[in-house]
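Asker: The task is simple: from the sequences and hints, build the whole structure.
So in the numbering used here, spot 81 of the sequence shown is number 415, and the numbers just go up one at a time.
What the hints contain is simulated information worked out from the structure, not anything from laboratory work. Some clues are possibly wrong.
[Stated by the list, open to error] List time: in silico PhoX-like cross-link candidates among lysine-lysine, alpha-carbon distance up to 20 Å: (1) K736 <-> K762; (2) K672 <-> K653; (3) K962 <-> K1083; (4) K698 <-> K660; (5) K653 <-> K680; (6) K956 <-> K1059; (7) K938 <-> K962; (8) K642 <-> K660; (9) K818 <-> K694; (10) K962 <-> K944; (11) K938 <-> K660; (12) K1059 <-> K995; (13) K995 <-> K1020; (14) K341 <-> K698; (15) K698 <-> K830; (16) K944 <-> K831; (17) K818 <-> K1083.
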Amino acid sequence: MLQSSMKWNFTYTGEVESGGSSDGLTSLTKRLLEKRNILDPDAIRQFLNPSTEDLHDPFLMDGMRRSINRVKDAISNGESILVFGDYDADGVSSTTLMIEALREAGAECDFYIPNRFTEGYGPNEEAFRFAYDTGYSVIITVDTGIAAIHEADIAKELGIDLIITDHHEVQEKLPDAYGIIHPKTSSDYPFQELAGVGVAFKFAQALLGYFPKHLLDLVVIGTIADLVPLQGENRVLASIGLQAITNSKRPGILALREVCGIEGEMNEETIGFTIGPRINAVGRLQDASPAVDLLLSPDVEEAREIAKYINQLNQERQKIVADIAKEAEEMLLERDDKGNVIVVAKEGWNPGVLGIVASKLVRKHDRPAIVLGIDTEKGEAKGSARSIDAFDMFTNCMEVRKRFIHFGGHAQAAGMTLDLEQIDLLRKDLNEIAERKLSEEDYQQVLDIEMSVAIEDISLQQIQEIDQLRPFGMGNPKPLFHLKNTPKEIRLIGSKKNHLKMQFQENSTRVDGIAFGLGDLYPHISPADQLDIVGELSINEWNGRKNLQIMIQDLCVSEWQLFDLRGSKHLEKNLVIPQGQEYIAVSFQGMEESPHDVPIVDFKDIDGKKEVDGLLLLDLPKSISQLKEVLNKINVSKLYACYRIEDSTFLKTWPSRDHFKWFYSMLMKRGNFDLHKEGDLLARRKGWDRSMVDFISQVFFELEFVKMKDGLITINAQSSKKDLKESVLYQEREQQLYIEQTLYYSTYKELKNWIDPLMDKESMHVKEEVVNGL
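Answerer: Quick look at the structure:
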């Protein structure tokens, strides 16, 4: 049995009906829509055919009209406007979009993005005073500012009109700004989950007086990269935005496509895993301005140079992340208990990548994680937090807001700054909160499974239907499917052999399974295991061929497993014992050594019932009943056949009744036979194995058919009629032959089928097999 690493939530009931329906949708599509609570015809139409007609009037947002009027006055009066952005992909795309909209409206404007390392997150007093000294009278924040209480007061003191456009969680108090444009502070606005760039786009639409399609290639970057729910307006903006960025002629987008090797249509995965990380990399390692310059650049050659530079920064970022993640793991290993909430901190860690490191820790340990870089000069620690579904990082950290100098974020992600002496206290507080609020199951990642499918039911058409629900993301996850099958083939792939590739086949349908990062499970999957797997269905195109594929996220084996190591001379190498599991070895013949020093138990010393994860059978039993007795007393999910045979009974010739008859007749004619002198000669003449001559002689002696002294065999005239099976020696050999044939020389499948009923404790009362005689 192989446990799944995640919690599987089967969210469906009943089977999917085949065929279509009156509205043209197949049962599969309708089931997927129902799961997303999209039921009425209008909602279905809007979801499957996102349209700009489904977007809301930007003036429904509180503060929009007042803010737009102020910007228009600034344009008319020739005032300078500063766009204050953020250094992530949402902030960069928001800044670019706002600058383009302002310039199109005729504004004198520029942008300012704070340096993550010297200024930290969000607006700051020094930057506002610099803006005032430089002559800016209006500051518009994008993707930031909703927590800038002090900075809003500074702006007011300086006479700067501050307009905040943001989407982050609203805290207890709002800044005293000229205008706040935020979906969650606007009770009349129907959709509250816009990304920062979505709010900026609404502002641009209101300012320009028309729907600015040319800015959609920017909107899609921040909307997808910032992991906002792809529902409602976000789904519309992401869907039409993907079309826009695919066809974009913007030099910065073309340069990014070129440096990333992106060809053809772009989708949400292209943005999330290729474009977004590269834009984010700039602000993680330095000032994010080059990313804005790239997207604003009208020159193709300039854009190419910036894109190459950004790609290089992304490679540096990847190495830094790997190094910090390794150090964080080493710190956790040094602790006896990593706790309910992981909090790690170290001097020298780059604050720009700590969110990525925190995500890695969450994925590996299934716990909320906070990763902090220590600045000893300031006596502060600054970093990022990521969380599991069951632990709202924003809400829970707000319970201990006193621990932070600065704090902000969402339910699953947050950023913070705190004094060094608060680190241990924060760890203690959050662990106590988690202890109080979370159950053991909450620490398992949950996979919501849409439905179970059979291999033969998977088709290109079915996967194309699933793609009607794109773009996938937060709020509209890519559907996960469950299938149960025995892989025809399974092997390790990748330069580090850390991935699994499987091949499933049912009749004429073949599906390839890819399990990234699950290579460590390879030695724990035995031949003929029926796997339960959960993953995303997709189409793999290679050299013009389309193959069905499932990207496996988790797998398990729900039945007991047999690992066939019979005859192996390299048990230490071939046997991999999972960490933290209890294994024992059983010997029937007094063996004293086992691989990996697994504790050895003599089969006679097993008292009562015993539960273990793995059981090693080191040698063959002397009777089948011994093995049955062991399996009756030990409950085990993994059984390892580790035995070898040095002197095989099965490979020796087994004498038939005719052999015994001939030998007896020979004795009757001769009167005697010298086993020592004539045994080898007889064996050669008859083509027998010498051991067979000895065996027949010993059986006859035991049954008193003959007398034997010093190797001389003579007929016993006083013998009585007996069956060969009355000989204990005959019975033992027959039993040994059966044991070897059943437990050693059988195929894997034959051995598994033979042991199956023994692993089912209810069937242990079945009578012992009858061993047939001659």
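Asker: Each hint should be assessed against the structure and marked as holding or not.
Answerer: Verification of the hints:
1. With a CA separation close to 14 Å, the supplied pair K736 and K762 stays within the 20 Å bound.
2. With a CA separation close to 25 Å, the supplied pair K672 and K653 exceeds the 20 Å bound.
3. In summary, the hint linking K962 to K1083 is supported, as the alpha carbons are separated by about 19 Å, within the 20 Å threshold.
4. Distance hint between K698 and K660 is fulfilled; the C-alpha atoms sit about 12 Å from each other, no more than 20 Å.
5. Between K653 and K680 the alpha-carbon distance is near 17 Å, which keeps this suggested pair within the 20 Å criterion.
6. Distance hint between K956 and K1059 is fulfilled; the C-alpha atoms sit about 18 Å from each other, no more than 20 Å.
7. With a C-alpha separation of about 12 Å, the suggested pairing of K938 with K962 holds against the 20 Å cut-off.
8. Taking the CA atoms of K642 and K660, the gap is near 28 Å; set against the 20 Å cutoff, the hint is violated.
9. A distance of roughly 29 Å separates the Cα atoms of K818 and K694; the hinted pair therefore is violated under the 20 Å criterion.
10. Only pairs whose Cα atoms come within 20 Å are accepted, and K962 paired with K944 is accepted, the gap being roughly 14 Å.
11. Between K938 and K660, the direct Cα distance comes to roughly 47 Å. Violation of the 20 Å bound is thereby established for this hinted pair.
12. For the proposed pair K1059 and K995, the alpha carbon gap of about 15 Å is at most 20 Å, so the pair holds.
13. Between the alpha carbons of K995 and K1020 the distance comes to roughly 14 Å, so the proposed pair stays at or under 20 Å and holds.
14. Simply put, K341 and K698 have alpha-carbon atoms about 14 Å apart, close enough for the 20 Å limit, and the pair holds.
15. Between the alpha carbons of K698 and K830 the distance comes to roughly 18 Å, so the proposed pair stays at or under 20 Å and holds.
16. For the given pair, K944 sits about 36 Å from K831 by alpha-carbon distance, which is inconsistent with the 20 Å threshold.
17. With a C-alpha separation of about 19 Å, the suggested pair K818 and K1083 falls inside the 20 Å cut-off, and the hint holds.
Violated hints, listed in ascending order, are 2, 8, 9, 11, 16; each of the other numbered hints is respected by the structure.
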